[in-house]
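Trainee: Please build the complete structure, drawing on both the sequences and the hints.
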Amino acid sequence: MSGGAPCWQDILPGTVTLGESSRVVETGLWRSLRPILDVEKCVSCLKCWVQCPDMSIQTGEGGAVQGIDMFFCKGCGICAAVCPTGAISIRPESDFQDEADASSGGASPGKVGELVGQL
Amino acid sequence: MASSNAVLSENKRPRGEMTSGNMAFAEAMRQINPDVVAAYPITPSTEIPMKFAEFVADGLVDTEYITVESEHSAITACVGASVSGARVMTASSANGVGLMHEIFPIAAAFRAPIVFGLVNRTLGAPININCDHSDSMPERDSGWIQIYCEDAQEVYDSALLAIRLAEHRDVLTPVFVCQDGFITSHCYEAVEFLSDEDVREFVGTREARYPLLDVDNPVSYGSFVTSEYYFEIKRNQIEGMNNVMRVYGDISNELASLTGREYQPLDCYRTDDADYVIVIMSSAAGVVKDVADELRAGGVKAGCVRVRMFRPFPAKEISSALSGKKGVAVLDRSASPGGVSPLAAEVRSALYMSCRYGFVPVSEFIYGLGGRDLFPSDVERVFKGLMAEDYSSGASYIGLRDKNGGAEGGDGDGSR
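If you read the protein sequences in the order shown, they are chains A and B. Under the numbering used here, think of the first position of the first sequence as 1, with each following residue one higher. Under the numbering used here, think of the first position of the second sequence as 1001, with each following residue one higher.
Please keep in mind that the hints were generated in silico from the structure rather than gathered at the bench. Check each hint, because a few of them may be wrong.
Said to hold, decoys possible - If you want a taste of the chain B side facing chain A, the calculated C-beta under 8 Å gives, among others:
1) Ala1109
2) Leu1172
3) Arg1206
4) Tyr1210
5) Asn1217
6) Pro1218
7) Ser1220
8) Asn1236
Ideal Cβ placement from N, Cα and C applies to all residues, glycine included.
Mentor: Right, here's the structure in full:
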């Protein structure tokens, strides 16, 4: 039954898992709504960066907002709600079911559109 | 105690005081100086957080004292602090313990070595503030170590032992230090305290293995796992409990070298050559020991086993202490409606594998619910029942007003 999975003697005590494991968990797969950033309207006030619960707002030099990390973004919509310039809009994930690798809307769009397409 | 000085300095000297079980536990907390205490008051344990709050207010400890809105929050704060790497203590009783129930298995699974002063009081309803063990017994499967103390001295010594035991690398398991509400917690008796310096040396400082506040080495506790992993994690936790007996022996020997007081998992009183033995826990053991002495003066070989450590249960020790006896009575201070009372069930189970060397009949008695006293005459009747080979298969009730005499569903005569 082990099949390569760890036996009880091999695991850490106390339910402990070593840190930064969230970096490999693609929470973007949970998303049913997708934020779309319009960089022309964005003034990089960073309200979305502060409020995002998953640190999905990507910034560059000087804190300029560059995009939204779709690998982690769960589509909660907080970024759009707090944006003072209307630079972030929310669209249903089903709008993107045809995209191959979803190059629009973020650096790493995840597999949501692909999975929705399989349904 | 090793000392280069011919005369002990004032702060190294043990001191004797008239005090109570609650005050003894609070004094142990002052000397241990835990990093965090989160507590919510409930009778009869209230004096522990109350006295400790005084120590905090007077600047005698460095503890972060967290006042909360419920027992559930108290134990939750304790768990958070403990996995952050803090040394954590708290106290509660009765329905306060019941409200904490949800969090106890989480503390144990997180291997959070919290030391908990549990002052036994009955669970309502009807509401009653006096002693029985119905608050701690439902927690026997929560994954916590349970130590039951006979007197205030043992409460004090056990608090010190419990810190070392809980935090030991091979154990990492929280501990309940139980004492009988009012009987032990509020009655004053002579207690010898170690010096602050000796306590500090004995308990040392906690070396947490995976503290959440070690931000350079980040970890997560209690992440969601599927059925592919849960079972292995739970078995890994149980190993901590399995290591307790070995580790406890070393720590109790070390404390005994400081105090001269030694505490075995079982307190066996005149049992070696005994024919008839009563098994009991906590403060009522004194009554049984007195009656055993009186019966022995009359030629009856009577003895008493006081079960001090209930989790892990010292099954091998019970089996070797009781095998070959003519009769055993187990006196439980809590009931398991529809089943066998907790202590009686453990004792019978422990004796099962030694049945092939001779059957030892074990009678089940329930006494003292809601603080009812256990009298020497009650204990004498139990011993006389054993001598008359009057074994009931069901539970009998001691000191109960009963039109039918007190036995239930058994073949005994029921007159206890």
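Trainee: For every hint, state whether the structure bears it out.
Mentor: Here is how each hint holds up against the structure:
no., hint, verdict
1, Ala1109, "holds, 6 Å"
2, Leu1172, "holds, 6 Å"
3, Arg1206, "violated, 14 Å"
4, Tyr1210, "holds, 5 Å"
5, Asn1217, "holds, 7 Å"
6, Pro1218, "holds, 3 Å"
7, Ser1220, "holds, 5 Å"
8, Asn1236, "holds, 5 Å"
This entry does not satisfy hint 3, going by the numbered hints stated previously; all others are met.
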